[in-house]
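S.K.: Chains as they are written, first to last, in this note's numbering: chain A, 1 to 159; chain B, 1001 to 1388.
None of these hints come from the bench; they were simulated from the model.
Each statement offered as a hint is correct.
Using 27 angstroms as the maximum straight-line C-alpha spacing, the simulated DSSO-like pairs for lysine-lysine come out as follows:
id, chain 1, residue 1, chain 2, residue 2
1, A, K2, B, K1084
2, B, K1344, B, K1313
3, B, K1313, A, K25
4, B, K1226, B, K1082
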Amino acid sequence: MKEILEILEGNARLTAAEIAVMTGKTEKEVRDAIAGLESSGVILGYRAMVNWDRTEREFVTALIEVRLTPQRDKGFDSIAERIYKYPQVKACHLMSGSYDLSVVVEGSSLKEVAMFVSEKLAVIDGVLSTATHFVLKKYKDGDIMFEGTEKDDREAIVL
Amino acid sequence: MKSPESFVRDEIRNLPPSGIRKYFDLINEMEGVVSLGIGEPDFVTPWRIREAGIYALEKGHTHYSANAGIRDLRDEISSYLKRKYNVEYSGEDEIIVTVGASEGIELAMKAIIGPGDEVIIPEPSFVAYKGCVSVCGGVPVSLVLKEENLFKIDPAGLKSKITERTKAVVIPFPNNPTGSVMTGSELEEIVKILRDRDIIIISDEIYSELAYGFEFRSLATFPEIKDRLILVNGFSKSHAMTGWRLGYICGNADIMKHMYKIHQYALMCAPTPAQYAGLEALRNCDDEVAGMRAEYDRRRRYILNGVREIGLKCFEPQGAFYIFPNITSTGLTSDEFCEGLLRKEKVLVVPGTAFGECGEGYIRATYASSMENIKIALSRMERFINGL
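Chain B with its partners taken away, still in its complex shape (with noise of 0.2 angstroms):
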C-alpha cells in the first residue's frame, strides 16, 4: 500500500516549510517579547467600519451574496479606484470581490499558470506569490531586487530573465517586506518592456494607500499594459481589516470571466458581512485612513532614524510599513541576528532569508507597531548589537 503522504501531489509535497516556524516555536516559552515581526496593521478596524458590519449581521446580511462579490460594493471599487487613482475598471465585469488579495494572486495565478510556465517574482517579496506560482506547476523565476536600487526594479534586470516560457510578471510595490517603492517613471521604465511582450502583468497594490513623500501610481494607469495586467488589492493594510478577509481583482473582463469560475467553485464568495463593512469603508473612511497613514509615516522616520544611530545602515523606505535594514555589519547571518535578538533581548523582527535566499544580510522590521513598542525595541537592539 502506498503511505498517505504519497497521494499528496509532487508540487505540494516540495513547497519549502515556512523558515520562521522556529520562531513561534521559541516565542511560545518566552514572555514581555515585542514583535516588530507582525505584517499586519497594529490598528484595530476604525469604529465605523465595524459598526457597519455589526448592522449588517443585524440586518440579517448572513447569506451568500453574489458570486462576485454584492453589486453596490463592486461599483463602490470602481469608483474609488477611479477617484483615488484614476484607474477605470467596471463593476460589472471588470472586478471581483476576493477573501482577502491572497485569494486574488491565487486566483491569478491558477487562472494563468499551467506547468512549465514562468513566472518572474521579485526577491526578496512577500512569500505566496512563488508558493502559488509552484501549486500550479510552474516555474518561479527569481528577479533579485538589490540595495543600491533602493529594491527596486531595474529593467535591464527584468528583461534579462524574459524568456520565451515567461507567461507572467508580478510587480508588488509598495512592497513587503523592504518597503520599496516605484514611482510612475521608474514604472513607466518597466512599462516600455512589458507593453510589446505577450506577458501577463500581476500587480499587487495592496498598499497602495502606503505611500510617504510620493505620488502612488497604479500600474492600470497605462492604456498600453491595461489588458493584460490584473490588479490585486484590498481592505487589509488601508483599512485595517486583516481578519475580515476582504480584497478584491480586477482585469480584463475576458479574463476575469473565467477567473470568476475558480472564486465560485471554490470559495462561493467574499464573507457577505465583511462586503458591507467594507462599503462603509470606502465611502467613507478616507479621514481614518489618512490619519492611520500620518501615524506609519511617523513612526517610519523615527524608526529609521533609530536603527540608523545603532549602526545599521538601511536605505529609506517609502511604502507600506516596513524598514529593512542590512545587519551584514553586525557579522551574523540574518538567522543569527534574529534568534539571538529573540533569545537575549526578546525582540521578534524577521530575518530577510524568510522573504528568499536574496534576503540574507537583511532583517525585517515592521513599524505597525505602537511608538512605546517601537521605541523598546530599538533600545534593545542597540544593547544586543553593543554585547556581540
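So that you can see chain A by itself, here it is in the shape it has in the complex (with noise of 0.2 angstroms):
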C-alpha cells in the first residue's frame, strides 16, 4: 500500500500495469488498491504539476497569518472551514506558534488578494488579525524544484 502511494506521489501518470511490474505484484492487485486507497479518501486526486511562472498568466500568491479566537466546542474548525470554502483560497493549515491559521490565497493582483483579506477574511467572526505576506518567487512546491533542477551530466559510458 504505502509503495504504491510513494510510487504514485512521484508519477501519477503510471499505470497500474506498469506499478504492477515495479512492485512484483499482479496487476489486479494494483488496481484493486488504487481503488481501495481512492473510495477511502486516501488518493483525493490526480494533477498537474505546473509552474504558472512559466506562462503569461498574471497572478499573486500570498501567504496570510491569521489570528483566531476559538470557539466554544469548536475550537477553529469552524471558522477555518469559512475561510477555507474560499475559492480564492489555495491552502489552510492550523498552526502552532504565534498564530493560529496559515491561509494561502491566489488573486489576478496584489489588490484583489488585498481586498479579499480585508472584505471577506478580517471581518469573520472570531477573526483576531491578518498579516499578509505575498509571495516573491516560488523555488519549491509540492516537492519539486522550480528552480534549478540538476542535469544528468554523467559520462555516456562508465563500466
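Make one complex out of these two single chains by using the hints.
M.R.: So this is what it looks like as C-alpha cells:
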C-alpha cells in the first residue's frame, strides 16, 4: 500500500500494469489497491504540477497569518471552514506558534488579494487579526524544484 | 636510440586498450542518445552529504588528512560495518580510507601480487581486476561464470582453478556487470574451499547496499577466513558519491600496515572534504540509501520484465544496478548488437565482451537511469530487434 502511494506520489501517470511490474504484484492487486485508496479518501486526486511562472498568466500568491478566537465546542474548525471554502484560498493549515491559521490566497493582482483579505477574511467573526505576506518567488513546492534542477551530466559509458 | 614507447614496461604496453573506445567515438557524432551504459548512480549525491562537503570547505578542511583517513571517519566506517553487516574492523589499524574502492583494489593487488602469482578472477567482471593483476606482473586466471549458474561462483569451478601458484582470488558480489549475487549459504560453500588454503581473498563489496529480495552477507563475517580477507567497499554506489572518490579497505592489521605504505607514497590521503562528506553519509543517510535502493528495485523489475517481453532471455539479477540479457537469439554478436542498436536506435548498452571474452552473447544495460529513459530505451530496443 505504502509503496504504491510513494510511486504514485512521484508519478501519477504510471498505469496499474506498470506499477504491478515495478512492485512484483499482479495488475489486479494494484488496481484493487488503488480503487480502495481512492474510495477511502487516501488518494484525493491526480493533477499536473504546473509552473505558472513560465506562462503568460498574471497572478499573485500571498501567505496570510490569521489569528483567531477559538469557539466553544468547535475550536478553530468552524472558522477555518468558513475561510477555506473560498476558492481563492489554495491552502489552509492550523499552526502552532504565534498565529493560528496559515492561509495561502491566490488572486490576479495585489489589489484583489488585499481586498479579499480585508473584505472577506478579516471581517469573519472570531478573526482577531491578519498579516499578509506576498510571495515573490516559488523555489520548491510539492517536493518539486521550480528552479535550478540538476542535469544528468554523466559520461555516456562507464564500465 | 630507443623509441619513447619502448621505455614503457612490457606489462603495461601489453595491457589491451579498452574494448569500448569506438562507442565513445560513435556517440560523439550523435545527438539524442539514451545511454544505459553508465556504471554509476543517476542520483546526485544526497543534499545533506553535499552540504557537509561544502561546510568542510567553509571550515577550511582543505589540508592533507592523516594518511589512513581522518580518525572519525575510520571509526565511523568501523561502526557502520558492525551495524550493517555485523563485521568487525578496528578504526585504529584495520581500515584505510582510499581514493575510491578502485584504489582499494589496486592497493590489495600491489601489496599481494608479484611476478608469476596467479589471481583467480571470476568473469565476466569489472575490468580493473585483471588490469591490476597484469600491472603487478601477476597472472590473471579467468573463472568463467555461467548463466545456467545465475553467474554465481560454483565451488567445483573455483576448486579447479586453484594451483600452487594461486596467491589470491577476487570475489565480486553483487556483481558488475551481471547483477548476480551470492547468498550467505552460497558463500559458505566457497569459504569451505578457501579456509584451509593459503590464498588471499579480495572481496569487492562495493554494491553491498544494492541487494534486492535477500539479505546481503559480507565475506568478512566468516571468522575462518577473515585473517586472509581484504574487504573493499566505498561510498560511490551506496551513497551516489562516485565523483568524490571515496572508498575504504579493511583487513588484518599485519597486511594493512604494508598497504598503508603504498597508499602513503602514491596518494597521501583521500580528498579531505570528501572524507567529511563521507562522515555525514555514514552517520545520517540510511534513509536516503534505502530510498535509492527502493527506486532501483522498481526499475530492476521494470527493465527485466521489459527485456523479457521483447523476447530476450535474461536471468533475474538481485544486486547492483545492471541486467545482463542473453542476446544470442538475435543471431548477432554482442558487439554487432550494441553497435547496431546505437547506430539505428541511438540506445547505448555495453557489450558483454567488455567484461571478458566469456561475456560474448550478452549485453549489460544499467537501470541507474530514469524510468522515462528506461521506457524509451526498451521501446527502441524492441524496434531494433523486430527490424533484424
